[in-house]
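Asker: With the hints as extra help, turn the sequences into a complete structure.
Number of protein chains: 2
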Amino acid sequence: MTLTILGCHAATPKTFHNPTSQLLDLRGHLFLIDCGEGTQVSLRKSKVKFARVKHIFISHLHGDHYFGLIGLISTFTLLGREADLNIYGPKGIKEIITLQLKLGKAWTNYNLIFHELDSKSPQLLFEDEIVEVQNIPLDHRVYTNGFLFREKPGERKLNLEAAVAAKIDNSYFRKLKTGADVTNREGKLISNERVTFPPDPPKSYAFCSDTAFYPQIIPQIKGVSTLYHEATFLEEHFHLCEKTKHSTAKQAAMIARDAGVSQLILGHFSTRYSNLERYLEEAKPIFKNIQLAEDFKVFEI
Amino acid sequence: MTLTILGCHAATPKTFHNPTSQLLDLRGHLFLIDCGEGTQVSLRKSKVKFARVKHIFISHLHGDHYFGLIGLISTFTLLGREADLNIYGPKGIKEIITLQLKLGKAWTNYNLIFHELDSKSPQLLFEDEIVEVQNIPLDHRVYTNGFLFREKPGERKLNLEAAVAAKIDNSYFRKLKTGADVTNREGKLISNERVTFPPDPPKSYAFCSDTAFYPQIIPQIKGVSTLYHEATFLEEHFHLCEKTKHSTAKQAAMIARDAGVSQLILGHFSTRYSNLERYLEEAKPIFKNIQLAEDFKVFEI
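Just so you know, the sequences run in chain order S and V. With positions in the first sequence counted from 1, the corresponding number in my numbering is that position plus 20. With positions in the second sequence counted from 1, the corresponding number in my numbering is that position plus 20.
Derived from the structure by calculation, the hints contain no laboratory data. Since this is a predicted model, take the numbers as computed values, not measurements. Watch out, some of these pointers could steer you wrong.
Copies of the same chain look alike in the list, so a pair counts if it fits in one copy or across any two.
Below 30 angstroms or equal to it, Euclidean Cα-Cα: the simulated DSBU-like pairs (lysine-lysine) are [as the list claims (entries may be wrong)]: (1) Lys-265 to Lys-122; (2) Lys-270 to Lys-67; (3) Lys-74 to Lys-317; (4) Lys-34 to Lys-74; (5) Lys-263 to Lys-122; (6) Lys-263 to Lys-34; (7) Lys-111 to Lys-122; (8) Lys-265 to Lys-125; (9) Lys-69 to Lys-187; (10) Lys-114 to Lys-263; (11) Lys-125 to Lys-263; (12) Lys-140 to Lys-125; (13) Lys-270 to Lys-125; (14) Lys-65 to Lys-317; (15) Lys-242 to Lys-74.
Answerer: Pasting the structure below:
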């Protein structure tokens, strides 16, 4: 699982600061999370084959999280896209997009499938054999969801040496990976554990932006591999959190600690701070394994 | 009058190609014409004090001409703008913008004044003591206007030497600039022409994009100082003009020639061509004084 940060700054796009967008590459799936203005250009800069994006998740209807969506949808049309595009976002997003397509007489030539969200509890948004995606209800000035991506357990790994020694025919190797016991050439039943290794533990990724400090999310994100949590403010602006419904770096670290996640990525930085190291200084005493998001940085999860 | 090209490329924004937007600086007025995705970032790169923009003209509701508008409006709010903002554009633009402000619970803290256009003939859109602005109805796939900016004649210029020699008191100099005759210290009437020079001839700028070849615009833009005309295609793609309602470089040059303009700027280039010099090669045999638009280039008019 790799996460490419396309933008991680709050409020307005600037010359060297992109608003929120990120791309999660999960065993071949490309999930786009949020889509601030200019995201399609960032996707090009990242050399992503963005026609492969089939699912876009929009956290909330503030501009720095979705103003680039209509442009990306239009560009897909110009590029001759044929594959379905699924959009998950707050109720109202369909009206915004379709109004603009209608007035521009520019309907897409592919299926645009809206999954409008208004639930205040976690729902299963997407599932296939390798991943499931849920919304994470957050606490912001408008209806907002984070998103939780959970890999399903992969196949067991063949211990080739042991399998050969146990005289298992190659035609059974596929079956071994599914976890089944098989019979060897001598008619003897071989237990799966003897000739396979367990699969890598499934990875998970939780995206939580924008939100005030909201410990209610902890049960849902318990133990995830990586948590991206917004940290708009440093402590000196703690007093702005309540009104704006944003978090400080310290609050993000408290969520990470209490949820027992493996790694925390901080993002959604206010552009008022020039020295981002201060985020680490304030958060690290609470939770150790923290990294700062950075436009175009790629994280292995 | 100076024209800053913020973007001059057709279709989708790319790493080094911005969609249409330009800024006309006319004796202190900053008029923004079209506002493709990323325009606010281009304005920052151009170091324009963009809070000074009070009038935005949108030609039509295709994304490459207006998807950056909602972001710019939102950024003005974040920057604490107080001055009114006037938006001139096709009917529907108000609904697009207000729907997004409403769903984001993000009303502007300044007056946003929409002037929705649906006339198929030229109208006076804005006028003050130094400029008047009209729409130029064009021929495109959706309802589209170009815009014509005409400076009003300036004041006459004082011929200081002649005025002193004619024994005119300084207190009359202001009156002389308005074109009036005045009485000198000896009670003699001095004709204005004797002691002033005529003002610089008023400049004018016509923006015509997007449009098919449409000679009906010629009477309205007759003799303008500078014409910006779209030239999406080269001759090899002439066959695409009818369906897409775009022009070739040659057609733009024919309009410039027949309207007797002083200077032609070509723009709205299809990104399929890597060598833009070919536009000049095809257009120059028809009209000589041509320049190619270029993102961030500044033209003196």
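Asker: Does each hint fit the structure? Answer for all of them.
Answerer: Cross-check of the supplied hints:
1. Lys-265 to Lys-122: between (34 angstroms within a copy, 18 angstroms between copies)
2. Lys-270 to Lys-67: neither (34 angstroms within a copy, 35 angstroms between copies)
3. Lys-74 to Lys-317: within (22 angstroms within a copy, 38 angstroms between copies)
4. Lys-34 to Lys-74: Both, since 28 angstroms and 21 angstroms are each at most 30 angstroms.
5. Lys-263 to Lys-122: between (37 angstroms within a copy, 19 angstroms between copies)
6. Lys-263 to Lys-34: within (24 angstroms within a copy, 37 angstroms between copies)
7. Lys-111 to Lys-122: Both. Shortest intra-copy (18 angstroms) and inter-copy (12 angstroms) distances satisfy the 30 angstroms Cα cut-off.
8. Lys-265 to Lys-125: between (38 angstroms within a copy, 14 angstroms between copies)
9. Lys-69 to Lys-187: Answer is neither; intra-copy 44 angstroms and inter-copy 78 angstroms both fail.
10. Lys-114 to Lys-263: Both. Shortest intra-copy (28 angstroms) and inter-copy (29 angstroms) distances satisfy the 30 angstroms Cα cut-off.
11. Lys-125 to Lys-263: Between copies only: 14 angstroms across chains, 40 angstroms inside a chain, cut-off 30 angstroms.
12. Lys-140 to Lys-125: Classified as between: cross-chain Cα gap 18 angstroms, same-chain 35 angstroms, threshold 30 angstroms.
13. Lys-270 to Lys-125: between (48 angstroms within a copy, 28 angstroms between copies)
14. Lys-65 to Lys-317: both (12 angstroms within a copy, 23 angstroms between copies)
15. Lys-242 to Lys-74: within (27 angstroms within a copy, 50 angstroms between copies)
Violated hints, in rising order: 2 and 9; the structure is consistent with all others.
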